[in-house]
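Number of protein chains: 4
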Amino acid sequence: MEGFGVHTSMWTMHWDRDGAARTIPAAASYGMDFIEIALLNTATVDAAHTRALLEQHDMRAVCSLGLPQESWASVNPDGAIGHLKDALDKTAEMGAEALSGVTYGGIGERTGVSPTDAEYDNIARALEAAAKHAKARGLAFGIEPVNRYENHLLNTGWQAKWLIEKVGADNIFIHLDTYHMNIEEKGAANGILDARDHLRYIHLSESDRGTPGEGTCDWDEIYATLAAIGFKGGLAMESFINMPPEVAYGLAIWRPVAPSFEAVMDKGLPFLRNKAQQYRLI
Amino acid sequence: MEGFGVHTSMWTMHWDRDGAARTIPAAASYGMDFIEIALLNTATVDAAHTRALLEQHDMRAVCSLGLPQESWASVNPDGAIGHLKDALDKTAEMGAEALSGVTYGGIGERTGVSPTDAEYDNIARALEAAAKHAKARGLAFGIEPVNRYENHLLNTGWQAKWLIEKVGADNIFIHLDTYHMNIEEKGAANGILDARDHLRYIHLSESDRGTPGEGTCDWDEIYATLAAIGFKGGLAMESFINMPPEVAYGLAIWRPVAPSFEAVMDKGLPFLRNKAQQYRLI
Amino acid sequence: MEGFGVHTSMWTMHWDRDGAARTIPAAASYGMDFIEIALLNTATVDAAHTRALLEQHDMRAVCSLGLPQESWASVNPDGAIGHLKDALDKTAEMGAEALSGVTYGGIGERTGVSPTDAEYDNIARALEAAAKHAKARGLAFGIEPVNRYENHLLNTGWQAKWLIEKVGADNIFIHLDTYHMNIEEKGAANGILDARDHLRYIHLSESDRGTPGEGTCDWDEIYATLAAIGFKGGLAMESFINMPPEVAYGLAIWRPVAPSFEAVMDKGLPFLRNKAQQYRLI
Amino acid sequence: MEGFGVHTSMWTMHWDRDGAARTIPAAASYGMDFIEIALLNTATVDAAHTRALLEQHDMRAVCSLGLPQESWASVNPDGAIGHLKDALDKTAEMGAEALSGVTYGGIGERTGVSPTDAEYDNIARALEAAAKHAKARGLAFGIEPVNRYENHLLNTGWQAKWLIEKVGADNIFIHLDTYHMNIEEKGAANGILDARDHLRYIHLSESDRGTPGEGTCDWDEIYATLAAIGFKGGLAMESFINMPPEVAYGLAIWRPVAPSFEAVMDKGLPFLRNKAQQYRLI
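Protein sequences appear in the order of chains A, B, C and D. Going left to right, the first sequence walks through residues 1 to 282 as our numbering numbers them. Going left to right, the second sequence walks through residues 1 to 282 as our numbering numbers them. Going left to right, the third sequence walks through residues 1 to 282 as our numbering numbers them. Going left to right, the fourth sequence walks through residues 1 to 282 as our numbering numbers them.
Simulated from the structure, these hints should not be mistaken for lab results. Mixed in with the good hints there might be a few duds.
[Said to hold, decoys possible] Examples of chain A residues toward chain B, derived with CB under 10 angstroms:
1. R110
2. G112
3. P115
4. A118
5. T156
6. E185
7. K186
8. D208
9. C217
10. L251
11. W254
12. V257
13. S260
[Claimed, not checked] Here are the simulated lysine-lysine pairs, BS3-like style, with alpha carbons at most 27 angstroms apart:
14. C:K161 / B:K232
15. C:K161 / B:K161
16. A:K232 / D:K90
17. B:K232 / C:K85
18. D:K232 / A:K161
19. A:K232 / D:K161
All of these numbers come straight from a predicted model, not from anything done at the bench. Virtual Cβ for every residue (Gly too), placed ideally from N, Cα, C.
From just these sequences and the hints, can you work out the full model?
Printed below as a string of structure tokens:
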């Protein structure tokens, strides 16, 4: 997990043979160092096929997910462990380097009240088991705080750090996302400062999840802070312009936030890359 | 609706005699030009009592609300009309100047898919009737776009302008909120630019709804654009540090976003006021 | 003066036949709407040659200058008038639309004390005569406030407005420059707000005069305010990467502020143009 | 040099008995951790008197200066050494902790061309001798890059780092200034990133040297980067609202950049302090 990559939602949200065959060469044509694959359904994934394509295009990969409701770690830690082990196995089979995302719960999980000790205890148990499984597979394992509407459990870098220390595993990393930070953190940099000891991955996502450079995210502050803490992890551009209905509710996507795929790739991508170069992050 | 005010959630979310008696003198002691009263339950309001206190403290007022689920305008326009008429009557009885907020739907209303023509037709019918009722009472009537998670219906200034033009009433105004704009608009100023013809009220709320000046909102850009369009409406500070459970789910409030009431009033309030003076908005 | 243009210092600071022949086709190849020609020495200008090239490439032009020390308007208004009339004549002969810049004094003019009434009276007399001459030639005539180090006379948009009102001519416009505004104005937008009634031209110049998008200028705030005031004038990119010694002292250019011409044109130009499009300024 | 301090220009630019007696209690009344004393003329300083006042008010101090033209290090290194030794002796006698500022040249020194190797060699010789003298007195010794107009020699954090490494002394620190950084650095954070290994002191000065919080400096980005590099040095507020004629030319101060002393102390100071606390820098 290093260099500049992209979330594959730009090309597909269904990681089957067709999705992989369309995405990996396309990402390579934009000079990406890695891709992030959304593991919504491991059953559709042909791991050997993906692995071959990744090798053919000299492309690295990271997988990500949110847990389905029947396996939310806060209430069903054993279900979560089973789901995560399956996803970790598939991640390893594809030759990807890490599994991350909302690995501790659901995208859209909200009880309506503050998180309880019991919820965190369950989550910690699931993460401990998953981290152990990841280590045995040679994988890194991440947790991504998301904004208050997508989850009541982990909203900030500080909370993610606290949870990692509660679990005590040495191979869980923090995965931040500028879109969520823009809502939750006190200043664009604060989540980075709080998460710094464990930060290995960051989603570069604009404030409306549209074209990077056209929203309210303060990219200079974000990149400057990453440079200042000596960040060496992966920078993954993420824009959501093409979402299937089954994830639209949790992500609350009702209108196109960018005019086109081309607007993101031709304006947003050079913007993010130029600025990452300015701060010598890539 | 002009000058610098504050949402009364800083003191109470229950507008009964106790809440009013605690809030109005307190707001006056901070030199507020007006207060915004959340009309969650008109039955608890003693309008004559509030009117007397407002007059006593030379304080102006605006009321705001979101519709309860049984009266969402998108599916039950007649229910919405009844609810809004009741709230407008109470607003007038209290001597307040306007009713605004999520007057077109629920805080937390989400179908999971994009808004439909049928939903907007129902909403337009409800707003038309409410605007007419407001005019008869001498009240202004506003609609507040909120972020994608709080509502799938109106998320941007552009959408609010479109809806007002669809309704065709001449006394509906747009009520923006910097917290929602920070998530939805392409740049801090864009919602203001789109809404300018109808903009008469704005919530000054930090990116995390905590202490103004400590988040990611670009206050210079916001105030500069307000000054540039010649904004003459109300500036209302809003921080949510004290929410009852019945609204916490929709607003997704799980943790204290400011350390204390004092932090908001002693740091956030002078910050917002000084900057508003710098741009000659107050 | 409308659309998106570029200062010709990107190609030459000597506007002779060679400079013009190199610059005009180059600017056209980047799709510029207009160029700004530095009239450092009218004697070297072949006006008919420039006019033919401009027509051939369907390119519009604006001229700019600073007064030479022997003709500073503050102390030698008649000398300034003579210099400006000559420059206006050449501007008209070339088929350019306006003369602007530090038309009221020298780049580097500083007495060491605050401007005096006598200095401003002299300047007002020179500007009045020049504006009259410009009107007779069908030209617009501008004044550009510059930072405190380049001039003690006009540093802010407010001062420029004051001076125009003192002169009383109806064809003097204000020409702002984001580089100078970044030093002198209270917020990126303030000079625009103060100058709005007379603002027809703006230099888009980064905080270090290097590659636009890589400095401290707040481009969203600048463009948003321009959009909000309904700005219809010319947007001229200006980067100083190639300055002859005779202007280096006044401009204080000691080191390359951009790595190359290509960095400015391939990174800075798309950055400025994309953002101008986002705010519908071009 | 740690904590939050203020440049004494807020009270006096003449450090004699009167100036000291007026300033030290005043700074103490604002809760400052230290003051910065401008050593424009060591002859007027009563060191024992200052030392007693500092001890009485439990106040720490730093001294700063620019070299007079007859002692510019670039052309007269021996003169510079003499001047610096005298200033260092006075600094030590007052009980101050460091001497810093434009210790390598003049405020306003400009040859009109890029710095030469010969100039830097002379400067390095002077700094080496001064640093040795400072070490013998138990003092830290700093160099402050300033903007291109105030000096052609050191404009950026990168250049300051380069010069320190050229000198090779281990007790020279970098002293940055946000006002100069705003003009010279590629982003508010870049000078901090380049200077980080030697950075021990920073002037917090607004973009127009007026009221902090009312200009174009990006304070979140500045403080966030300081927090991210683990900055432990002194934060010194600097506003120039009260300058004697002998320094006005070099600093190019022609108009009041803040309405009053009170505006800076009552608005600017709380703004800077609140934000420094937000980033846990004080």
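Task: List of violated hint numbers, smallest to largest - done: Of the numbered hints, 4, 13, 15, 16, 17 do not hold.
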